[in-house]
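J.: Residue-level listing of the chains:
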Amino acid sequence: MPAVGNSVARKDGIGKATGSARYADDLTFPGMIHGRTIRSTIPRGRVKSIRFDFDLAGFTIVDYRDIIGRNSVDLIEKDQPFLVEREVRHMAEPILLLAHEDRERLNAAKVVIEYEEEKPLFDPEQSSEAFKKIDIVKGDVASALMAADLVVEGTYRTGHQEHVYIEPNGVIAIPEEVEGRKGVAIFGSVQCPFYVIKALRCLFGAHPPIRVIQTETGGGFGGKEEYPSMIAGHAALLALKSGRPVKIIYDRTEDMVATTKRHPAIVRHRTGVMRDGRIVAMDIDVLMDGGAYVTLSPVVLSRGCIHAAGPYRCDNVNIRGRTVFTNTPPNGAFRGFGAPQTEFAVEVQMERIAEALGMDSVELRRMNALRPGDTTATGQTLREDTSALMVLDEAVRRTDFLRKREQYKGTNRALGLSLFYHGAGFTGSGELHLKSRARLELTPTGVRIATGSTEIGQGTRTTHAQIVSDALGIPYEDVEVAQPDTARVADSGPTVASRTCMVVGKILEECAHEMKERLNGLSPADYHARHGTFSVEQMYEPPDWIKWDDAAYRGDAYATYGWGCDVVEIEVDPDTFEVRPLKLTAVQEFGRPIHPALAQGQIEGGTAQGLGYALLERVVMRNGAMANSQLTNYTIPTTLDMPEVDVVMMENPYPGGPFGAKGLGELPMDGPAPAVVNALRYMGLDVREIPATPELIASCTATV
Amino acid sequence: MRTAISGLEVRSASSLGEALGILRDDRWTPIAGATDLYVALNFGTLEPRRFLDIWAVNELRDISMNGTTLVIGALATYTSLIRSALVTRQLPMLVEASRQVGGPQIQNRGTLGGNVANASPAGDSLPVLAAVDAVVVLRSADDERRIPITKFYTGYRATVMRPNELIVAIDIPPVEGRQWFRKVGTRAAQAISKIVVAGVRASVPRIAFGSVAPTVVRVPETEGSLAAGANIDEAARVLSREIAPIDDLRSTAEYRMRVATNLLRRFWIETG
Amino acid sequence: MKFVLNGASTDVKAHPMARLLDVLREECGLTGTKEGCGEGECGACTVLINGEPVCSCLIPVVQVESADVLTIEGLGDDHPLQHLFMNEVGAQCGICTPGMIMAAIALGPAPTLDDVKTALAGNLCRCTGYSAIYRAVLKWREMPVANISASATR
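Residue numbers (the numbering used here), protein chains in the order written: chain A, 1 to 704; chain B, 705 to 976; chain C, 977 to 1130.
What the hints contain is simulated information worked out from the structure, not anything from laboratory work.
We put the beta carbon where it would ideally sit given N, CA and C, even for glycine.
Wrong hints could be hidden among the right ones.
Stretch-level coverage of chain A by chain C, calculated; a stretch enters the list once three of its residues show a Cβ under 8 angstroms from a Cβ in chain C [said to hold, decoys possible]:
(1) 59-67
(2) 96-102
Okay, derived cross-link-like pairs now, EDC-like style, lysine to aspartate or glutamate, Cα gap no bigger than 16 angstroms in a straight line [unchecked claim]:
(3) LYS989(C) - GLU1028(C)
(4) LYS989(C) - GLU974(B)
(5) LYS133(A) - ASP550(A)
(6) LYS583(A) - ASP1090(C)
(7) LYS11(A) - ASP550(A)
(8) LYS989(C) - GLU1002(C)
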């Protein structure tokens, strides 16, 4: 029986369910001390003075002067310091680090900082500093708008979203001697151990030995993609100065206030349509609030803009995107990475277009949905693995959408629908530049997978082992997966962008084929007994047909796309305007499920996060920082908030993916919010922003 | 800044007499289910340093009838209220309120006396108690006082309790008329209320609100107008002048006001 | 403080106002119980005290004097519910799993889906959307799992 396509026993073992799996805070090391970050209490200004109002005995104190390399977190730019030198650009910006053996003394240490405050900028629409601008041009939008029968305009807004991985950020830095040189090992809750290496090399200058080992990680969702470089750098600085292992674990409030969130966005649409429903022009303006430093904003903007036209064909498209500076904690990666924002906007816009035309919105979508052979906004010609119509038709059929929607008219129930897609892997030439590698090592009993891909609950260990098992033709039980330790595994690129199964899995498949040839009919055990071990390492080669022009933003943005159609049934309480989702049907096509139960888990989990984004999760900013920074007040869905979720997994294999698999992790995030808001629209509630809280909905209804 | 545990002192009592004796002699802050204690400690807003742990004072857990009065021991947990046949019979809206407090873990630890003593304007049980004119039974080593809950709160998180007193029970007089309860939270479970309403429909209706004022409140003008035969629209107008909700992290004054009047109507329709 | 921990008599030296969660994780070395929020909202710290699920991040250790405390470790490493959580993918990242199991383990013999949802309403999961957790728990109690996202592959 093949491993791929079956819900085989997971490689994680039973440790997560017995409590023996070790997360960062579960680890202790001899001589370990604790670290604490002293953060700014103003959103903008300069540090005037720092005074220590406590007994310094036993404390290690680190400030920017202790940095021997560059005081900057090396990411896309090098603009974000590990520690403030003078200038403060956001609330909770790290200024100082303290460490002590005794946590009570550590927490009681009073640091008095005086600032010269300046007037902060919080409104992205007022910001004149853009981190990145993007201009996607196809055809001639201006003329097409003039020739259109009707132009529909709309502005849509999405707010911050906080990841709420149930395990907060945490790392332990251990000073290590490596061949006579002082180095450091970082154990931590990270998605991308090699990103941390890159950032720490910037911090420490002359390449001391650094290795990063991923501990069992309690959720990531993008919140542990780039942020861990900051906390790891802090722990490393304290460890090297004190000579002792240093553990820094954020409590929930610190994590919510100080770390990255999803970029808020304002998206403006002007769409030219013909009376018969053909979309002839899409003019789209995307503004994203990047916060105080660049971090990943350019890439979030990029993905958001590329998806901004939705899964629709149109000959004339102009998408202008800007991500701008504000004096707020920098925003960063979060599952979906720009697409949930822009696909929310386009899907609500589609519903309004249908309304304006007096046309059924399913028909409007069907008419304009991308089909194989059509070109996207960036001019990419789509291939056979394009499934917009397939998922749309299945969702409409399965939910009896048209009939039920009519049936509910005039009641406090409604159905809403969204059609969406999500590019898998890094954008454009991204995968080429990543030069991701994977390695297979022969062991006495089988093979070991040695990649930098991290298991964060999505099933990396298992799906990679399934792919290798079938590609190599050996039992699944004989495949082991190495813990990501940067000193021992290949750099497979980050565990993000829905690429871990599709891209890294593909490299592993290729490695397995090469290994199989070398084994030449022998089992791994036999070969090992006779000849000892060997390893096969390969680098990812993107399909040769991918052509992308980074300067013009044109070409093949992604090797393949996942496709989805969500239908949600909701009920609105007429007294309290609370929205109760009753049932959500998620039809998703992602090539082929390697492990059906894990795939279903991605859809169910992503759908829950999407529903939270739609209805429940509101970040309240006050003076440039998250004010509702407790789980009591930032409300993610509980069991009682979740509707019945009906998942349909459809297949349309991507030839370039391992066994036809496409990426899946982010796709489910794009559907729920517009589906919910479209249901509200069908009840006569003109909602154009999320979260669609009861307060917002109340204000959309006539006051009695 | 987080309060240090090492700076705290605690002693435990296993009987009411022992507890009251300790409180007579010195200042200790009683703790029972402690569901708010560490939240305040983590935030550095915990003021007391010396605690009297009364969790083991089992004599305060009883739920019983004293004639026609339902006597609920101060240490009755939400779970015990939910499971109590007596409470289900006499004060079913307290069972409803208890089911909507937090989740099972909180229900297993939070107590009715704790909810009353904690004096939060958002306390879920408080509108229920206020709508039925519950009486808070306070004991000190030398004295017993019985204070109607409608006179128990003097302002935001302020009560008439003396430092040497413990709440020992909440007395519920017999309730005539249909009971009605509605909590509007931030989500379906583990939710702080944005607005809570409890009502009893009788010839003179009794209606209480939480989260619309610094304390739980009855609305005597609204009750009076309904008793005098005003229609529900007129009563809703009276209500909108009688309460003054605020904007906060969780909701807005406008929403609370709108929903309060909607729920008043719903109460009236459903109990009519 | 003397109490029964996972069936064995235990004496801890911690400050009486130390959180039970910290005493379990540090003095007792049982790191299976997790801290997700420190405010009783996420349930990752759930243990049983005298058979009842509670948030150990909210309990001063003085209050478990003479009580019976059960943590995830007390279930051993071969409990059917643990296997089901892994096989049904009720655990993805796993950080909420010990708390989730301890809340579920207190369920009666024939729970409906609503009973399960109510019993787990105090446990937050960010990965699964809960459906797979319901499947694991209902299968453990040998109850039907229809209507929890019957998934179709087409």
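J.: So if I understand the rule, the pair passes when the alpha-carbon distance is 16 angstroms or less; does LYS11(A) with ASP550(A) pass?
T.: Violated: LYS11(A) and ASP550(A) sit about 39 angstroms apart, past 16 angstroms.
J.: Mind checking the alpha carbons of LYS989(C) and GLU1028(C) for me, to see if they're no more than 16 angstroms apart?
T.: The hint is violated at about 24 angstroms.
J.: Are LYS583(A) and ASP1090(C) close enough, with their CA atoms no more than 16 angstroms apart?
T.: holds (15 angstroms)
J.: What's the verdict on LYS989(C) and GLU1002(C), does the C-alpha distance respect the 16 angstroms limit or exceed it?
T.: With Cα atoms ~11 angstroms apart, LYS989(C) and GLU1002(C) stay inside 16 angstroms; holds.
J.: What's the verdict on LYS133(A) and ASP550(A), does the C-alpha distance respect the 16 angstroms limit or exceed it?
T.: With a Cα-Cα distance of about 13 angstroms, the restraint between LYS133(A) and ASP550(A) holds, given a limit of 16 angstroms.
J.: At least three residues with a C-beta closer than 8 angstroms to a C-beta of chain C: is that true for the segment 96-102 of chain A?
T.: violated (count 0)
J.: Holds or violated: LYS989(C) with GLU974(B), Cα cutoff 16 angstroms?
T.: Violated - the C-alpha atoms of GLU974(B) and LYS989(C) are around 56 angstroms apart, more than 16 angstroms.
J.: Does the segment 59-67 of chain A contain three or more residues whose Cβ lies closer than 8 angstroms to a Cβ of chain C?
T.: With 0 residues closer than 8 angstroms to chain C, the segment 59-67 of chain A misses the three-residue bar; violated.
The structure fails to meet hints 1, 2, 3, 4, 7 from the earlier list, while all remaining hints are met.
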